[in-house]
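Need the complex rebuilt from these two chains, each delivered in its own frame; the hints are there to steer you.
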Amino acid sequence: MKRLKANHIVAGYDKKIIIDGIDITIPDNKISVIIGANACGKSTLLKTLARLIKPNSGELLLDGKKISEIPPKQLAQILGLLPQSPVVPEGITVADLVARGRFPYQSFLKGLSAKDYEAVEEALEIMGITDLANRCVDELSGGQRQRVWIAMALAQQTDILLLDEPTTYLDITYQVEILDLLTDLNRKRGTTIVMVLHDINLSARYADHIFALHKGKLVAQGAPSEIITEELIKKVFNLDCSVIKDPVSGSPFIVPKGRHHVKLNAS
Amino acid sequence: MIENNFSNIKAGYRRRKYRWMMVTLFLGVLTLALCISLLLMGNTIYPISVVIRVLMGEQIQGASFAIGTLRLPRMLAGLLVGIAFGMAGSTFQTILRNPLASPDIIGVTVGSSVGAMVCILLLKMSGTTVSVVAVISGLIVAALIYMLSKVGKFSGGKLILIGIGIQAMLKAVISFLLLRAPQHDVPAAYRWLSGSLNGIQMVSIPKLFFVVIFFGLIIILLGRHLRILELGEQSAITLGVRTDLVRLLLILSSVVLIAYATAITGPISFVAFLAGPIASKLVGMGAPSEFPAGLVGAILVLGADLIGQFAFSTRFPVGVITGILGAPYLIILLIRTNRTGGAV
Numbered sequence: 007m008k009r010l011k012a013n014h015i016v017a018g019y020d021k022k023i024i025i026d027g028i029d030i031t032i033p034d035n036k037i038s039v040i041i042g043a044n045a046c047g048k049s050t051l052l053k054t055l056a057r058l059i060k061p062n063s064g065e066l067l068l069d070g071k072k073i074s075e076i077p078p079k080q081l082a083q084i085l086g087l088l089p090q091s092p093v094v095p096e097g098i099t100v101a102d103l104v105a106r107g108r109f110p111y112q113s114f115l116k117g118l119s120a121k122d123y124e125a126v127e128e129a130l131e132i133m134g135i136t137d138l139a140n141r142c143v144d145e146l147s148g149g150q151r152q153r154v155w156i157a158m159a160l161a162q163q164t165d166i167l168l169l170d171e172p173t174t175y176l177d178i179t180y181q182v183e184i185l186d187l188l189t190d191l192n193r194k195r196g197t198t199i200v201m202v203l204h205d206i207n208l209s210a211r212y213a214d215h216i217f218a219l220h221k222g223k224l225v226a227q228g229a230p231s232e233i234i235t236e237e238l239i240k241k242v243f244n245l246d247c248s249v250i251k252d253p254v255s256g257s258p259f260i261v262p263k264g265r266h267h268v269k270l271n272a273s
Numbered sequence: 003m004i005e006n007n008f009s010n011i012k013a014g015y016r017r018r019k020y021r022w023m024m025v026t027l028f029l030g031v032l033t034l035a036l037c038i039s040l041l042l043m044g045n046t047i048y049p050i051s052v053v054i055r056v057l058m059g060e061q062i063q064g065a066s067f068a069i070g071t072l073r074l075p076r077m078l079a080g081l082l083v084g085i086a087f088g089m090a091g092s093t094f095q096t097i098l099r100n101p102l103a104s105p106d107i108i109g110v111t112v113g114s115s116v117g118a119m120v121c122i123l124l125l126k127m128s129g130t131t132v133s134v135v136a137v138i139s140g141l142i143v144a145a146l147i148y149m150l151s152k153v154g155k156f157s158g159g160k161l162i163l164i165g166i167g168i169q170a171m172l173k174a175v176i177s178f179l180l181l182r183a184p185q186h187d188v189p190a191a192y193r194w195l196s197g198s199l200n201g202i203q204m205v206s207i208p209k210l211f212f213v214v215i216f217f218g219l220i221i222i223l224l225g226r227h228l229r230i231l232e233l234g235e236q237s238a239i240t241l242g243v244r245t246d247l248v249r250l251l252l253i254l255s256s257v258v259l260i261a262y263a264t265a266i267t268g269p270i271s272f273v274a275f276l277a278g279p280i281a282s283k284l285v286g287m288g289a290p291s292e293f294p295a296g297l298v299g300a301i302l303v304l305g306a307d308l309i310g311q312f313a314f315s316t317r318f319p320v321g322v323i324t325g326i327l328g329a330p331y332l333i334i335l336l337i338r339t340n341r342t343g344g345a346v
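Sequence order for the protein chains is A and B.
When we follow our numbering, the leftmost residue of the first sequence carries the number 7, and every step to the right adds one.
When we follow our numbering, the leftmost residue of the second sequence carries the number 3, and every step to the right adds one.
What the hints contain is simulated information worked out from the structure, not anything from laboratory work.
None of these values were measured; they are calculated from a predicted model.
Using N, Cα and C, we set each Cβ at its ideal position, and we do this for glycine too.
Don't take each hint at face value.
What the hints assert, rightly or not - In the BS3-like style, the derived pairs of lysine-lysine whose C-alpha atoms are separated by at most 25 Å in a straight line are:
no.: 1; chain 1: A; residue 1: K21; chain 2: B; residue 2: K19
no.: 2; chain 1: B; residue 1: K160; chain 2: A; residue 2: K21
no.: 3; chain 1: A; residue 1: K21; chain 2: B; residue 2: K12
no.: 4; chain 1: A; residue 1: K269; chain 2: A; residue 2: K240
no.: 5; chain 1: A; residue 1: K116; chain 2: B; residue 2: K19
no.: 6; chain 1: A; residue 1: K60; chain 2: B; residue 2: K152
no.: 7; chain 1: B; residue 1: K283; chain 2: A; residue 2: K121
no.: 8; chain 1: A; residue 1: K21; chain 2: A; residue 2: K240
no.: 9; chain 1: A; residue 1: K221; chain 2: A; residue 2: K194
no.: 10; chain 1: A; residue 1: K121; chain 2: B; residue 2: K152
no.: 11; chain 1: A; residue 1: K8; chain 2: A; residue 2: K71
What the hints assert, rightly or not - Computed from the model, here is a short list of chain B residues facing chain A with C-beta under 10 Å:
no.: 12; residue: L42
no.: 13; residue: T96
no.: 14; residue: I230
no.: 15; residue: S237
no.: 16; residue: A238
no.: 17; residue: S282
Stated by the list, open to error - Quick list of the computed label-pair ranges, beta carbon to beta carbon:
no.: 18; chain 1: B; residue 1: K12; chain 2: A; residue 2: G134; range: 17 to 23 Å
no.: 19; chain 1: B; residue 1: L336; chain 2: A; residue 2: N13; range: 26 to 32 Å
no.: 20; chain 1: B; residue 1: A174; chain 2: A; residue 2: A120; range: 57 to 63 Å
no.: 21; chain 1: A; residue 1: Q112; chain 2: B; residue 2: A170; range: 40 to 46 Å
no.: 22; chain 1: B; residue 1: L223; chain 2: A; residue 2: N13; range: 37 to 43 Å
no.: 23; chain 1: A; residue 1: E65; chain 2: B; residue 2: K12; range: 41 to 47 Å
no.: 24; chain 1: B; residue 1: E235; chain 2: A; residue 2: D246; range: 38 to 44 Å
no.: 25; chain 1: A; residue 1: N13; chain 2: B; residue 2: T130; range: 51 to 57 Å
Chain B with its partners taken away, still in its complex shape (with noise of 0.2 Å):
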């Protein structure tokens, strides 16, 4: 009987462990099919033989242009932003336990718009500079709404609050600078606020890659005690997790993901905000999410860049895509929250 109970357990272990498998394993299948459908699809769709040696570095006419230096880059960027928001969505929303906490909800993400946007139009800076003033924007803040939010007692209802209200005072630093930027400046400006892949270059993604790789790595390697952590304060610290510390390093990964992210890509709308619930609905509440949600970022920017760039007669930027997604589930959310009377 206890044998049989003991094998019961293992038996539920197991089977909860390979469905993450399935399911990440299938996010990553997901995700490299929409790399390669990127790769081949465009103004001439080449077959997949001529990616192949295109990629293997043979010049060819034509070819070696549109997906060498056109689709590539704009393909990695996809995924590489795309696995930065979702994993950085999703730990906010881990750590501050609500769905809404999500850095392009609070504020973060407009933070580091605001600096990117000052390097560009009224510095006339770019590349690693922008990135570089984003990320200490996007720090900043995180650093203002979660002290703001400290001020009398802390809740994570009041921290989205308070991140919404910085977000709208933000935006209308973004919407001077836009007024007063010169004339060409604008049309540039508007759709990089708006998130889109064009017009990448493959000097920006190395830099990318080693960020996300890093920071993102911090996030996984911390994974378990991120699931110490969501049993609450005291029970964490009775687990012996240096709660102050671990909380610190996953903020600040997921904040330097998001911002560097964004400066290259613009705040590409939603994705860090749905990424995490679609992601822990598919592996099963409870098991580890991070990486999924990075896979299921990936995913919705490039489905996103996909869909802007071919379904219509008109090309859309893939935020505005993204947008039309992520806005119903917000307005849901925010349904859903008000009628069980949640934090918010």
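Chain A with its partners taken away, still in its complex shape (with noise of 0.2 Å):
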């Protein structure tokens, strides 16, 4: 069974339409990638998956449900999200910003519980960031600041986890990195991931489904091997480009054609 599905999503803000009649079903246990140019409404669209914006139409359904009657504090064991610019606390350490991922397992009065400290032990563990457990987040890097991010993500122990541009402002190098942990944890735990990605490269490389969204329409979807094409990208992005195939995974890779250093042979 599926278990996230948006049906004939509208959603916007304010007045401004931004997602216009978007049907997907999110396969389980993979890795889906929500590409697009800027403002075609891919954050949109995952921002409404995370019900942090309320849909104008349609409807958005987690086992069957509608995700606006859960209650709040279950439908976070289920299904989380790490925000493109979530707020750091001034002075928090590691190890208390990512023991307040376990807030919807918390009941009112209580510390924190032995299965608490586990999956907080657990996610600092898979991102590799036990030493840093006690250090203040403001000190870290921010290739370390998101590995913690992400395991308060993970210490949530949802079985959905949805990322919005989990690699932005991030150096090549922990750009990988990231990608690798979580592929690690899709692989390990089989969590269901969601995210928007700007590089076309490596959401090819890491992706087992890719959504291509143009105009607030969702144009295509699949394999990446299968609907990456010259034309796709023509259409959503409006770029001109060779397709060759990755040299290190055999994914698709993608080469612009911009005016100029285009050899005349090339095409």
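Here it is as structure tokens:
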């Protein structure tokens, strides 16, 4: 059964419609990536799935139930999100921040349970930041900080994890590292991952399934090797390119064509 | 190795919890010490045995009046409004993520003052009615500031500036009221406006006590939600917090605390503003600081009252002392915010 589904979603901010009637079904236990040009609605779609934006019409279903009818804490045990720019409270330590991911499991007035400790420990371990546990988040580098946030989302122990541009502002080294860690998570725990990424080539390499958005509509979806073509890139990004085989992974790799530096015999 | 790391993480949690408890305990003891000193000291300094006998209900010539009628209500009022100002200020600062966003900086306190002034000077009312009107006018001003700062795109910095603007307007209203007031009411009004524990009677204490306990408890119980709200709106929703409801409850409780306390003692300046930052420095950043901030608020008010009463040859109202303490911090904070290009 497919757990997370959106039926004919229309959503946006104020009166401006950004997503215009999208039907999607998120493949379970897979890594899905939403791609598209700036302002195509990919982040809005992700936020709608994460219930941060109420859709104007259409319905969101989790296990066949309307998301708006599931109690927030119960939903938070199944569906997690790493926002694009979460706020770091001043002076907080890594371990304390990650422990806040346990909020949906905590009952009134009780402190951290043995299970909570275990979840925090495991999340730190997976993200490789156990050594940083008692350090202040303020002092960490961008890449380390991003790992802390993902660790917090992991401590939440959700089956589905949404991530809004988890690699933005990171050096290429850290981008690959984060995507590798997310792949580990998907393979080891079977966590369903849905993320928005800017880099098409990394998307094509790491995704099992790609959703391509253009002007608020879903224009293509499927395995990267099936859908990433020169025509699709032209349509979605308005960019001429050649699609070759990624020499490392064998996935499709796009090589953009600008107006300059194009060899005459290249095409 | 893993076992070792695990105990390391646990030790970290335990260490921070221990620090929180020790600091809170220390603040509690300091508060208690100040409470006791305020009962002992005055025109006549009584030994502690006499104070205890008076508190037990024994009638002692002179002491019963000085301690039971003058000092005890004054001390209790200072304690309770200090807690109210401290907790409310710290809650505002955390929700709006800005140390400048304290109710006494953004005009909520002045909002309650205007309500109270209208009652006292124009309508000649007193007692509970004044408190109720102060709470209502505080809520109205808070709602007004919030709605105005939502025009266009909401930001904490905008809210603070709008609050400062409204505050200026309301202060003009207060000046007008004072000009129009009968001559003999003016000194009392001025004393009230600068924040004073003078002349507080035992009758107003039980209601204040109930308000502080009830709304203070709401804030403490919602502390865990507040810690999640700190991570930003999106993270909070994702973690299952009903953000609008929690924020509304916290703001309402804070405004009631501030407004009710203001109606009793007048706006004791900078207590709400200072208590939160001092408390979170002491308990460690990232730890729950609402309750410790309440204790710091009480320490500031009681300590300032002790200084105002006994340190100089003339007596100063408590608000004058806290004003002298708070103003430099405000200036330092403004300089620092400006340097880092902060939200204001």
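Comparing the hints with the structure gives:
For the given pair, A/K21 sits about 47 Å from B/K19 by alpha-carbon distance, which is inconsistent with the 25 Å threshold. The straight-line distance between the Cα atoms of B/K160 and A/K21 is roughly 24 Å, inside the 25 Å bound, and the hint therefore holds. Pair hint A/K21 plus B/K12 does not hold up; C-alpha atoms about 49 Å apart against a cutoff of 25 Å. At most 25 Å may separate the alpha-carbon atoms for a hinted pair to count; A/K269 and A/K240 meet this at roughly 20 Å.
For the suggested pair A/K116 and B/K19, the alpha carbons sit about 14 Å apart, so the restraint of at most 25 Å is met. Between A/K60 and B/K152 the alpha-carbon distance is near 19 Å, which keeps this suggested pair within the 25 Å criterion. Straight-line distance between C-alpha atoms of B/K283 and A/K121 comes to about 30 Å, which puts the hinted pair past the 25 Å bound. Pair hint A/K21 plus A/K240 does not hold up; C-alpha atoms about 29 Å apart against a cutoff of 25 Å.
A C-alpha spacing of about 36 Å is found between A/K221 and A/K194, which places the hinted pair above 25 Å, so the restraint is violated. Proximity of A/K121 to B/K152 is assessed by CA-CA distance (about 41 Å); at most 25 Å being required, the pair is judged violated. At roughly 12 Å between alpha-carbon atoms, A/K8 and A/K71 fall within 25 Å of each other, so this suggested pair holds. Contact between B/L42 and chain A, as hinted, is not supported at the beta carbon level, the nearest pair being about 37 Å apart and thus beyond 10 Å.
The criterion of a C-beta within 10 Å of any C-beta in chain A is met by B/T96, whose closest approach is roughly 9 Å, and the hint holds. Look at B/I230: its Cβ gets to within about 5 Å of chain A, closer than 10 Å, so that hint holds up. Given hint, B/S237 at the interface with chain A, holds; its Cβ is 5 Å from that chain's nearest Cβ, closer than 10 Å. At about 9 Å, the closest approach between the beta carbon of B/A238 and any beta carbon in chain A falls short of 10 Å, and the interface hint on this residue holds.
A least Cβ separation of about 8 Å between B/S282 and chain A falls short of the 10 Å threshold, and the interface hint therefore holds. Our hint of 17 to 23 Å for B/K12 and A/G134 holds, since their Cβ atoms are close to 19 Å apart. Restraint check, B/L336 to A/N13: a C-beta distance of roughly 52 Å breaks the suggested window 26 to 32 Å. Hint check: B/A174 to A/A120, Cβ distance near 59 Å, so the stated range 57 to 63 Å holds.
In this structure, A/Q112 and B/A170 meet the distance hint of 40 to 46 Å, their C-beta atoms being roughly 44 Å apart. The beta-carbon spacing between B/L223 and A/N13, approximately 39 Å, falls within the hinted interval of 37 to 43 Å. Checked against the hint of 41 to 47 Å, the pair A/E65 and B/K12 passes, with Cβ atoms roughly 44 Å apart. Take B/E235 and A/D246: their Cβ atoms lie about 40 Å apart, and the range 38 to 44 Å holds.
Roughly 56 Å separates the CB atoms of A/N13 and B/T130, a value that falls within the hinted 51 to 57 Å.
Violated hints, in rising order: 1, 3, 7, 8, 9, 10, 12 and 19; the structure is consistent with all others.
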